[in-house]
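Those protein sequence lines, which keep their order, are chains A and B.
Just so you know, we're using the working numbering here: the first sequence kicks off at 1 and counts up by one.
Just so you know, we're using the working numbering here: the second sequence kicks off at 134 and counts up by one.
No lab work stands behind these hints: they were computed from the structure.
Just so it is clear, the structure is predicted and the values come from calculations on it, not from any experiment.
Misleading hints may appear alongside valid ones.
Claimed, not checked - Straight-line distance between alpha carbons at most 25 angstroms, and here's what the computed SDA-like set of lysine to any residue pairs gives:
hint, chain 1, residue 1, chain 2, residue 2
1, A, Lys112, B, Met315
2, A, Lys112, B, Leu172
3, A, Lys112, B, Gln210
4, B, Lys169, A, Gln7
5, A, Lys112, A, Asp68
6, B, Lys169, B, Ile359
As the list claims (entries may be wrong) - Here are a few chain A residues that sit away from chain B, every Cβ distance over 12 angstroms (derived from the structure):
hint, residue
7, Gln24
8, Gly71
9, His91
10, Phe100
11, Gly118
12, Lys120
13, Ala126
C-beta: ideal position from N, C-alpha, C; glycine also.
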Amino acid sequence: MLFQLIQVPVAILAVLLLALLARQLGLGGDVRLRSEAQARDEAATALGGFDAVEVALDRAGIGALLRDAQGRVLLLRRHGAQFAARLIDSHADTRLDRNFLTIGTADTSFGKVTLDLGDKAQVWAASLRRLGA
Amino acid sequence: MPELSPVDYAVPGFLLLIVIEMLWAARRAPEKYEPKDTLTSLGLGVGSTVAGALTGTLVLTMALWLYEQRVFTIGWQWWAWIACFVLDDFNYYVAHRLGHRSRWFWASHVNHHSSQHYNLSTALRQTWTGFFAANFAFRIWPVFIGFHPAMIATCGAINLIYQFWIHTEAIGRMPRWFEAVMNTPSHHRVHHATNPLYLDRNYAGVFIIWDRLLGTFQQELDGVRIRYGIVRQLGSFNLLWAVFHEWIGIARDVWRAPWRAKLHYMFAPPGWSHDGSRDTSDTIRARWRERQESVPAE
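So that you can see chain A by itself, here it is in the shape it has in the complex (with noise of 0.2 angstroms):
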């Protein structure tokens, strides 16, 4: 009974103690995407077959923006030290800010993220319009 009383502290502090321990060691790394057929390979795998013929790197390599021969475009994010996507079907959580590009999607979950596409972000920005709300 005493063990089962302790067991859900000593476990949460367990917990804490080797997260902690995780930052204290550098894990994780600072990932980046370092190139656009990185940006590529990685959509691909993330939307089987995403086959992108444009792609919008953003400059820290925190993400990207790719379009396939459908139209269709993938919103690609850093996501701790991997990258996860999704695909953008409105304009409606877009906001552009001179070259910075905030994109937001229909799952809220995924939260928004703010690309910094230098000269392409307006060119980007315009053609999500196309997309709808």
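Guided by the hints, dock chain B onto chain A, whose structure is given.
Same frame as chain A, now just chain B:
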């Protein structure tokens, strides 16, 4: 029933091995761990322990009632332990296979797969909703034959403990004879992969022979980079979202679906949709095979 299960005794060993693997990762491959992902995984482990404590008595009560109706009394002979362990491992295979092939059971199992990492902390991403999904039904029925509930519980716990060490990329391949019979890190990496070739393969718990016998085995291929996680990656480290997202998805789909499709959204394979707008593992694999055949050099 003993107050502590074998899993409780194993937990300190689990934590020690995670620390050792973290130290290995820090030297060799820091990207194998992600602190936020580790926190989510371990949180799922703690929550699962709490959920198990809350529902364990109910499962035990059902098992004891069923044991009262037993056909035989098998007893505690040494061979009964072996028979019970092998039968329980087969039951695990069946439950696990259904856990990937029916969305209802997948909803309770998906949190074990939703990490994009594959390390020892991933092993602790255990379900919170297994009781609600009625997963226990696959494991307790042998009490009706005459295996004692405590024997089945002990075999199940040993099965779970065995599966801890196979969640690692730090071990390549085991000796050939071992790979032929036992579930190993290599076999289980395939199970956690989202590569089309690897989807829904290697459901085994302890003995890989079930997959070999029942046509679900896939060898890990050299030179193929494994991508871990689920087909539609969560993109979130939120603990509660990791636990409940598929249940929420089922509720939304059942609410919106036409009447004829409602049960399918609950029990058909994950990714099934009445209008064909989504992908199941079968359609993903079929499309991948088509691409392979059209571009042989890919």
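We went through each hint and held it up to the structure:
1. Simply put, Lys112/A and Met315/B have alpha-carbon atoms about 44 angstroms apart, too far for the 25 angstroms limit, and the pair is violated.
2. Restraint check for Lys112/A and Leu172/B: satisfied, since their Cα atoms lie roughly 22 angstroms apart, inside the 25 angstroms limit.
3. Of the supplied pair hints, the one linking Lys112/A and Gln210/B is violated, its CA atoms being roughly 60 angstroms apart against a limit of 25 angstroms.
4. Simply put, Lys169/B and Gln7/A have alpha-carbon atoms about 23 angstroms apart, close enough for the 25 angstroms limit, and the pair holds.
5. For the given pair, Lys112/A sits about 21 angstroms from Asp68/A by alpha-carbon distance, which is consistent with the 25 angstroms threshold.
6. At most 25 angstroms may separate the alpha-carbon atoms for a hinted pair to count; Lys169/B and Ile359/B meet this at roughly 21 angstroms.
7. A beta-carbon of chain B comes within 12 angstroms of the beta-carbon of Gln24/A; the shortest separation is about 9 angstroms.
8. Residue-level check passed: Gly71/A sits 16 angstroms from the nearest beta carbon of chain B, beyond 12 angstroms.
9. Distance check on His91/A: its Cβ is at least 20 angstroms (rounded) from any Cβ of chain B, clearing the 12 angstroms threshold; non-interface status holds.
10. At roughly 20 angstroms from the closest C-beta of chain B, the C-beta of Phe100/A stays outside 12 angstroms, upholding its exclusion from the interface.
11. Residue-level check passed: Gly118/A sits 24 angstroms from the nearest beta carbon of chain B, beyond 12 angstroms.
12. Its beta-carbon lying about 23 angstroms from the closest one in chain B, Lys120/A satisfies the requirement of being farther than 12 angstroms from that chain.
13. Look at Ala126/A: its CB is around 26 angstroms from the nearest CB on chain B, clear of 12 angstroms, so calling it non-interface holds up.
The structure is inconsistent with the numbered hints 1, 3, 7, although it conforms to all the rest.
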